[in-house]
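Trainee: Read off the chains here:
2 protein chains.
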Amino acid sequence: MDINKYLEKQSAKINKVLGSFLPGKGAHPSTLHEAMRYAVLSGGKRIRPILALEACRVVGGDTRKVLPAACALELIHNYSLTHDDLPCMDNDKERRGRAACHMKFGEDIALLVGDALLTLAFKVLCSKNGVRSALDLERQMNAARLVAEAVGSEGMVGGQAVDMEFQDKDMDLATAEYINVHKSGALIAVALRVGATLGGGSEKQVQALYRYGKYVGLLFQIVDDIMDRQGYAKVIGVSEAKKEAEALLGKAKAEITPFGRRTAVLEAIADFVLTRDK
Amino acid sequence: MDINKYLEKQSAKINKVLGSFLPGKGAHPSTLHEAMRYAVLSGGKRIRPILALEACRVVGGDTRKVLPAACALELIHNYSLTHDDLPCMDNDKERRGRAACHMKFGEDIALLVGDALLTLAFKVLCSKNGVRSALDLERQMNAARLVAEAVGSEGMVGGQAVDMEFQDKDMDLATAEYINVHKSGALIAVALRVGATLGGGSEKQVQALYRYGKYVGLLFQIVDDIMDRQGYAKVIGVSEAKKEAEALLGKAKAEITPFGRRTAVLEAIADFVLTRDK
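Going down the list, the sequences are from chains A and B.
Those letters in the first sequence? Residues 1 to 278, per the numbering used here, in order.
Those letters in the second sequence? Residues 1 to 278, per the numbering used here, in order.
What the hints contain is simulated information worked out from the structure, not anything from laboratory work.
A few of these clues could be false.
Remember, identical chains collapse to one label, so a pair may be satisfied in a single copy or spanning two.
[Claimed, not checked] Here are the computed lysine to aspartate or glutamate pairs in the EDC-like style, where the Cα-Cα straight-line distance is at most 16 Å:
1) K104 to E165
2) K128 to E149
3) K65 to E244
4) K242 to D271
5) K9 to E177
6) K253 to E267
7) K128 to E138
8) K253 to E240
Produce the complete structure using the sequences and hints provided.
Mentor: Spelled out as structure tokens, the structure:
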């Protein structure tokens, strides 16, 4: 299997579903909806929804049951990017090689775009999505709650709050680790957990994939830190951070070996997260 | 029944539940959680959750099943106030007689407070809350989806976007009406719908209470407009707006008369919305 072609194909499928969830440019109010589409349909790698779909596939589930929730995670990722780019946060003027949402549409619209994308994600997570059985319904509500926990004040938003607090301060190792686990780690980890849950995996399978997700999430942030010489890499030094990254890659792969076949994509994604250059 | 005493009692009950949903000051990150508590536990009138509880009572439901969802609506109301007060939006420095969240904690924290409150609302809406039966579970997920629809880009957030767009422009009647229906009307209307749905009301009952909610939501915004000489009152004139408000009060009450008894509180709230002076 050509992994890059596979990821491209998955990504195209996800983009199509994302496009169908976002109200069209004609929908009132048109500027807000245009800005939402601009923020989301701008060529991200769609790692989080792809991970959710793979977790489902690995436990032998029907990926069609996971696709809407997987795309909801991407909506949440894009809401967080849009808010993080705002002047009162990281004040980033570009995103994915073009003007950040607030540079193109104004701060007020960018703020509302983030709010609307987060809300849309929960609308998708709480829609029936073809679900019929009581068991599926229970799993789905469970998944929606897990997502809310992962991205709230004790998850992703909490990580961003601590990151802002230490923007101009020296941080200790515990703080660097807290940020890594929460700021980007929480959403990646919950993508695996949600995929495995909706795919009908056993509790043991769900937990193993969740741990894989936690390791990959940490790996993702540490690689970012190494590239930017920030956070974790600044606290423990680049060479130590690289060792830690290698160790995390090993731990992530160890979690998925018991699944035997079907794990090629999850292994490849872990490798990709370590070796990516942006 | 002394309506004011009754509302105070309900409001105290709601505040207690809200306090239990918000992570304590000790929970990490402490500043974010302190700011969340500051934004929510600051003496609002709790009209939305009270309306949800009354809708449930009117259809003969068990209000304990509605209390968490009712409080989630109040979390959403407070997220929207916190974001609306930000400098890039309405730039309000005070809220409920004290410093707005961003004045006390900074813009970055206030932005994250709003994000976290919205997320917490959906965590509550998607938690089991003692629900056991498949029917209750289905109603609950349905309610969560209705809330997401009401407060997203085609609901409350859409109303705020249009309001921002026309901040310094003359607006026509259609625009003023759009803002009134969406900006504050949508959340009030869905409070009734959710209360009646979770209370197990028939579709006919749910729709009647939903219409009552729409009229009261509109009434609420028109009274605001009359007090501020803004929006709707500016477009059609204060005396016409007052006539419209009286008409809405009549329509709202007409929707609940078929329920016979138990509607005293809903009637009193409609009266209160018309006669309140802030």
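Trainee: Could you place K242 and D271 in one of the four classes (within, between, both, neither) given a Cα distance threshold of 16 Å?
Mentor: For K242 and D271, only the intra-copy Cα distance (13 Å) is at most 16 Å; the inter-copy one is 66 Å.
Trainee: Classify it for me, K128 with E138: is the Cα-Cα distance of at most 16 Å met within a copy, between copies, both or neither?
Mentor: both (11 Å within a copy, 9 Å between copies)
Trainee: Up to 16 Å between alpha-carbons, please classify K104 paired with E165: within, between, both or neither.
Mentor: between (27 Å within a copy, 15 Å between copies)
Trainee: Go through the copies and call it for K9 and E177: within, between, both or neither, with a Cα cutoff of 16 Å.
Mentor: Classified as neither: same-chain Cα gap 34 Å, cross-chain 45 Å, threshold 16 Å.
Trainee: When Cα atoms must be at most 16 Å apart, do K253 and E267 count as within-copy, between-copy, both, or neither?
Mentor: Within one copy only: 6 Å inside, 62 Å across.
Trainee: I want to check one pair: K65 and E244. Are their C-alpha atoms no more than 16 Å apart within a copy, between two copies, both, or neither?
Mentor: Answer is neither: 35 Å inside a copy and 48 Å across each miss the 16 Å cutoff.
Trainee: Go through the copies and call it for K128 and E149: within, between, both or neither, with a Cα cutoff of 16 Å.
Mentor: Classified as between: cross-chain Cα gap 14 Å, same-chain 21 Å, threshold 16 Å.
Trainee: Taking 16 Å as the upper bound on the Cα-Cα distance, should K253 and E240 be classified as within, between, both, or neither?
Mentor: Classified as neither; 20 Å inside a copy, 70 Å across copies.
Checked against the numbered hints above, the structure breaks hints 3, 5, 8 and satisfies the rest.
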